[in-house]
Amino acid sequence: MLILTCPNCGIAADETELSAGGEAHLTRFGAGSSDADFEGYLFMRKNTRGVHFERWRHSYGCGKWFHAARCTTTLEVFGTYPAQTTEPPAELIEKIKQKRPEFEGFSK
Amino acid sequence: MSDAVSVVNGASFDGAVEVKDAGLVGMVTLRGDLGSESLAKAVKSAVGLALPDARGVKAGTKGGVAWMSPDELLLFCDYEKADALVAKLDKALAGEHFLAVNVSDARASFTLTGAGVREVIAKGSPADLSPEAFRQGEIRRSRLGQVAVAFWLSAPETMELVCFRSVGEFVYDWLCVAAEKDTLPEYFNAG
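In the order they appear, the protein sequences are chains A and B.
The first sequence: position 60 = 60 (the numbering used here), numbered continuously.
The second sequence: position 3 = 3 (the numbering used here), numbered continuously.
By construction, these hints were calculated from the structure, which means they are not laboratory data.
Check each hint, because a few of them may be wrong.
Non-contacting residues of chain B with respect to chain A, defined by C-beta distances greater than 12 Å in every case (computed) [as the list claims (entries may be wrong)]:
id, residue
1, Ala22
2, Lys41
3, Lys62
4, Phe98
5, Pro131
6, Arg141
Short derived list, chain B residues pointing at chain A, Cβ under 10 Å [what the hints assert, rightly or not]:
id, residue
7, Ala54
8, Lys58
9, Thr61
10, Pro70
11, Asp71
12, Lys123
13, Pro126
14, Ala127
15, Asp128
16, Arg143
17, Val147
18, Val149
No more than 27 Å apart at the CA atoms, straight line, and that leaves these computed lysine-lysine pairs for DSS-like [said to hold, decoys possible]:
id, chain 1, residue 1, chain 2, residue 2
19, B, Lys20, B, Lys88
20, B, Lys58, A, Lys64
21, A, Lys64, B, Lys44
22, A, Lys64, B, Lys181
23, A, Lys64, B, Lys41
24, B, Lys88, B, Lys44
25, B, Lys41, B, Lys91
26, A, Lys95, A, Lys46
27, B, Lys58, B, Lys91
28, B, Lys62, B, Lys81
29, B, Lys44, B, Lys58
30, B, Lys58, B, Lys88
Every residue gets a Cβ at the ideal spot worked out from N, C-alpha and C, and that includes glycine.
Only chain A is shown next, with the shape it has when bound in the complex (with noise of 0.2 Å):
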């Protein structure tokens, strides 16, 4: 059971109250865009075997959105940060990287 807690409230959620919401950090591409970069957007996902950036939401729980860092092979969670930033917090990069020295950062 993936156990997550909601930056928002606080409170160690466990994954049946929680929805998940795919792939985090996405670059939008919309009108105007060329056709490489929105169907890169809309249909391109990352599929990592090992850590991974994902949004969330406490759907029966306070309601919000966030993120979190896990890994996709051992469902280790490296951390949970709020959804208000475009990439992940530098000390949660550090974390990971001390936890698995063959991660290479994050990259878009």
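Mind docking chain B on chain A? Use the hints.
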């Protein structure tokens, strides 16, 4: 206008704990900047209580106030006074970015009384209901079975629970089954 009745019309069930329809309760959702002074003042004058901390719930003589999310409060009052409460908030907060709505008829509330109330809720909710983790004065928004509910302890052995009225009958039936006699594991009270 027709007479308002609560969702299971005052029904109650006596099992391992008592499950009771709490009747009509006035509830007002207030969304806005919880850090703003004028909002705190408006709440104070409306229900006579200071803003609760995160996940806090307070009850007083004029009503109650519960923290629902970083920008949302739920105010409690007498059923008949909910509209007046909204009007009061609208007046006090005019010009600010906020929303106050009377949601009394969109909610159902139940009161559970007995030593096993934590265990009855724990049968259907992923929330940590152990006495160390869940204390009086804290409101927990979670789920019961598949539906969203919020609950808090108003006394050490009294659990108040609110849910959407559309699922009120389901929640009442669910609670009655969960509160059948001799079905509690007595996990929290053991040792």
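Here's how the hints hold up against the structure:
{"no.": "1", "hint": "Ala22", "result": "holds (21 Å)"}
{"no.": "2", "hint": "Lys41", "result": "holds (24 Å)"}
{"no.": "3", "hint": "Lys62", "result": "holds (26 Å)"}
{"no.": "4", "hint": "Phe98", "result": "holds (17 Å)"}
{"no.": "5", "hint": "Pro131", "result": "holds (17 Å)"}
{"no.": "6", "hint": "Arg141", "result": "violated (5 Å)"}
{"no.": "7", "hint": "Ala54", "result": "holds (6 Å)"}
{"no.": "8", "hint": "Lys58", "result": "violated (17 Å)"}
{"no.": "9", "hint": "Thr61", "result": "violated (28 Å)"}
{"no.": "10", "hint": "Pro70", "result": "holds (5 Å)"}
{"no.": "11", "hint": "Asp71", "result": "holds (9 Å)"}
{"no.": "12", "hint": "Lys123", "result": "violated (14 Å)"}
{"no.": "13", "hint": "Pro126", "result": "holds (5 Å)"}
{"no.": "14", "hint": "Ala127", "result": "holds (8 Å)"}
{"no.": "15", "hint": "Asp128", "result": "holds (8 Å)"}
{"no.": "16", "hint": "Arg143", "result": "holds (4 Å)"}
{"no.": "17", "hint": "Val147", "result": "holds (9 Å)"}
{"no.": "18", "hint": "Val149", "result": "holds (9 Å)"}
{"no.": "19", "hint": "Lys20(B) with Lys88(B)", "result": "violated (31 Å)"}
{"no.": "20", "hint": "Lys58(B) with Lys64(A)", "result": "holds (23 Å)"}
{"no.": "21", "hint": "Lys64(A) with Lys44(B)", "result": "holds (26 Å)"}
{"no.": "22", "hint": "Lys64(A) with Lys181(B)", "result": "violated (38 Å)"}
{"no.": "23", "hint": "Lys64(A) with Lys41(B)", "result": "holds (25 Å)"}
{"no.": "24", "hint": "Lys88(B) with Lys44(B)", "result": "holds (11 Å)"}
{"no.": "25", "hint": "Lys41(B) with Lys91(B)", "result": "holds (12 Å)"}
{"no.": "26", "hint": "Lys95(A) with Lys46(A)", "result": "holds (21 Å)"}
{"no.": "27", "hint": "Lys58(B) with Lys91(B)", "result": "holds (23 Å)"}
{"no.": "28", "hint": "Lys62(B) with Lys81(B)", "result": "holds (10 Å)"}
{"no.": "29", "hint": "Lys44(B) with Lys58(B)", "result": "holds (12 Å)"}
{"no.": "30", "hint": "Lys58(B) with Lys88(B)", "result": "holds (20 Å)"}
Hints 6, 8, 9, 12, 19 and 22 from the earlier list are contradicted by this structure; the remaining hints agree with it.
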